[in-house]
Amino acid sequence: MTPNRRKGAEGLAVRPVKAYRVPKYPSHADPNPLLVPERVAYPGCREVAAALAGLGILGAAGAASAEGADSTGAPENPFSAERLVPIHVRPQVRQNFIAFGVGAPAWPRKTEFTRDEAAELIESVFRSEGFAARDRQWYRADGVEATLDGFDAERGIGFAFYEGETSAADLRNMYTQYVSDFGPEHGASIFADSLGLSFGGRKEGTPDEQAKKLESAIDLHVSQRQAQELSVAEARLLEGELAKRKTFVMVVGANDPRLKIPVEDYPLSAVEKLQIESIPDWDKRRELEMKLLQAKDAKATKVALEELERAVRQYIRWARSQGLQ
Amino acid sequence: MAHDTLTTTFHLTHNCNIRCSYCFTGEKFGAGMTAAIADRAVDFALGLARERGFPRLDVVFFGGEPLLRRDLLLRIADDFRARAGGIEVAFKTSTNGLLLTAETLDALVERGVFVSLSIDGVPEIQDRQRPDAAGHGTSERLAAVVPRLLRAIPAASANCVVTPQSAGRLDESVAWLFRQGFFYVTTALDHGNAGWTRESLSELEAAYERLAAWYEIQMRAGRKFYLGCIDERIRTRTWGPPEPAEQCLPGVRSFSIAPSGRIYPCVQFVREDESDEFVMGDVFAGLRAGADPLGTCSAKDREECGDCALKPRCSSWCACVNWQSTVRLDRVSPLVCEHERLLFPIVDRAANRLWKARNAFFLHKQYNRDFPLVNFVEEVVLNEAMHGSPVGGIR
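For the record, the sequence lines run as chains B and F.
Per this note's numbering, residue 1 is the first one in the first sequence, and the count goes up by one each step.
Per this note's numbering, residue 1 is the first one in the second sequence, and the count goes up by one each step.
These are calculated hints, taken from the structure and not from any lab test.
For clarity, every value in this text was computed on a predicted model and none was experimentally measured.
Think of the CB as a built atom: it goes at the ideal place given N, C-alpha and C, for glycine as much as any other residue.
Among the clues, some could well be false.
[Claimed, not checked] The calculated label-pair distances, taken between Cβ atoms and stated as ranges, are:
id, chain 1, residue 1, chain 2, residue 2, range
1, F, R349, B, G11, 19 to 29 Å
2, F, A206, B, D265, 52 to 62 Å
3, B, E154, F, A357, 56 to 66 Å
4, B, D283, F, A357, 30 to 40 Å
5, B, S189, F, E303, 46 to 56 Å
6, B, G11, F, V122, 38 to 48 Å
7, F, G290, B, E163, 30 to 40 Å
8, B, E163, F, R349, 31 to 41 Å
9, F, S202, B, I279, 34 to 44 Å
10, B, G11, F, A357, 35 to 45 Å
11, B, A19, F, E304, 46 to 56 Å
12, F, G53, B, L237, 31 to 41 Å
13, B, G11, F, A143, 54 to 64 Å
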């Protein structure tokens, strides 16, 4: 038996795609953009949304208003630990290189705030709201041991960062991935560098000896992991336990989109590119390019800081609605 | 396709009242399935669902044109309802629509039979690709059917087949279908057509570019609809690639029953029901021991795909489509490959723009698993309750 037309179309071929630009919209592995950084209201008419919410079929993401209020009108916690997405490998600082003209990287654009920068802003908001957000404090209670980045013990409010948690299994997977991507020697070397460790060079010793070195390096790294760093499970436990005592710790995940600086929304315009490329002198061309990009980065940074500040203030409003003194 | 659902397609007849230029179901002849065979087919489907532990059973009425056997179709639906026991049975029929009278629609609605209308878009293309047996166009007759269908079943879907001849007008056809009132539209390539060339694919690419722009405009205007060729590809990223367990698994989780009662793994292989090549058994004796299902074939990693960056998202896993195109189950269709390579970048660019705009409709459509249900309830049930009529389509 054969199909209607027996031959495939002429001239067409199966051709694997060697490289494909990763789409910018979030994948199933990213935090759900309906929930992070803020809930996105269902775009139906109000009556329908209300009726659907009443029927209980709108789902967690559905019924929230754009202002981040729940159905009672009370503010929602914009940093709920439920929104934290586990990070199993410490994220690397990403930089977005803009290329144009001859294609040379021109200006490494900063795309996210560091922990210190974010902490500085959060502290300033806390202070402006009347709280004393002191430097890092050790917290040990409720089955959690962690360093809080800022905590006003008297008033019962603080904040901490979640940057990731790495188990031995995660590290073994990571090692396998590096070796698969870069080959046994180079991959092992990059892996060792990324851990800040050396396990003796992969060339030396039998495969068994090499495997032992790897295992001992992983054990060492896991044992040296700073115990005071919060895990997602601890953050959730902390949030639940503390709430019973009207104490609040805002946990900010390293992948939180509010730590991102949206530089891609501020690209060079076509006119600006022409303006740059019309300059014959290379140094002056670079100078103008950097100046323009710095101005754009400043705008992007301002927008991102305002967004983060709004979220922190909303957290404080939420905490007050929950009984914060 | 839900992994806990068994799908059984009843080919009620080989006959048809129209002659589509691309039809893959073979010659049109015969009176079709008898009542006795239908009874045994119902037994087979329910028995298999129970034996294999499927709590849900999808029953699809197919042909030829299934509504040529309307009375048998209704009888089978009634039999399933009466004998389903604890199994949840859902019905669907794929029809050319010409026999959808008010009375037939009432009978289908009463039994909860979902209707998927095969319609190729603007009248000129419909008439060219889907003439009746006498060679006359069918668009005028369908013009009276579509409003009746959408009044009776507002969520009815339209399926539009794209041929090399109609490729360049796909955007026009899709927009036309939405204007008629459909808000669920799927498109399918004429995979068996040897007439696909680089030129016709270039025309299709240009049409997809225009269609993506149209899609973006509708999304930004807050209009709710489903367009398979774009939405499904976005979902391969936002929901993740379909797992093997989510695929149709022909011969494992889906079967086609020919009018004679012989069982095939997929609708693609029934044709005139003359060859034994893919027959897995019949409704009287059941599945043959050792019958070779195609499910594992569909799930196989294709050698010629190599380390293609699109492999996890691409639809080349379907062995049946590959067979239709290449006469080989284990060989990727070059047409599918070319099509996926041209369509994914267009779709992703449109999705990137909607993401950048943080379009709320885009976010809910793509990241809220409840969205299809919410959208359905909103469009069909609540709008009818609140405003007196369902709001369908894009005008």
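Okay, the hints, checked on the actual structure:
1. Distance hint for F/R349 and B/G11: a CB-CB separation of about 26 Å, consistent with the stated range 19 to 29 Å.
2. For the pair F/A206 and B/D265, the beta carbons lie near 29 Å from each other, so the given range of 52 to 62 Å is not met.
3. Between B/E154 and F/A357, the C-beta spacing of about 44 Å breaks the proposed range 56 to 66 Å.
4. A hinted range of 30 to 40 Å holds for the C-beta pair B/D283 and F/A357, which are about 38 Å apart.
5. With their beta carbons about 32 Å apart, B/S189 and F/E303 fall outside the hinted range of 46 to 56 Å.
6. The hint said 38 to 48 Å for the Cβ distance between B/G11 and F/V122, and at roughly 28 Å that hint is violated.
7. Under the hint 30 to 40 Å, the C-beta atoms of F/G290 and B/E163, about 56 Å apart, miss the expected range.
8. Under the hint 31 to 41 Å, the C-beta atoms of B/E163 and F/R349, about 33 Å apart, fit the expected range.
9. Distance hint check: the CB atoms of F/S202 and B/I279 are about 39 Å apart, consistent with the given range 34 to 44 Å.
10. Judged by the Cβ atoms, the range 35 to 45 Å given for B/G11 and F/A357 holds: they are separated by roughly 39 Å.
11. At about 18 Å, the CB distance of B/A19 to F/E304 disagrees with the hint of 46 to 56 Å.
12. Checking the proposed 31 to 41 Å range against F/G53 and B/L237 shows it holds: the Cβ atoms sit about 38 Å from each other.
13. Taking 54 to 64 Å as the suggested C-beta distance range, the pair B/G11 and F/A143 does not conform, at roughly 38 Å.
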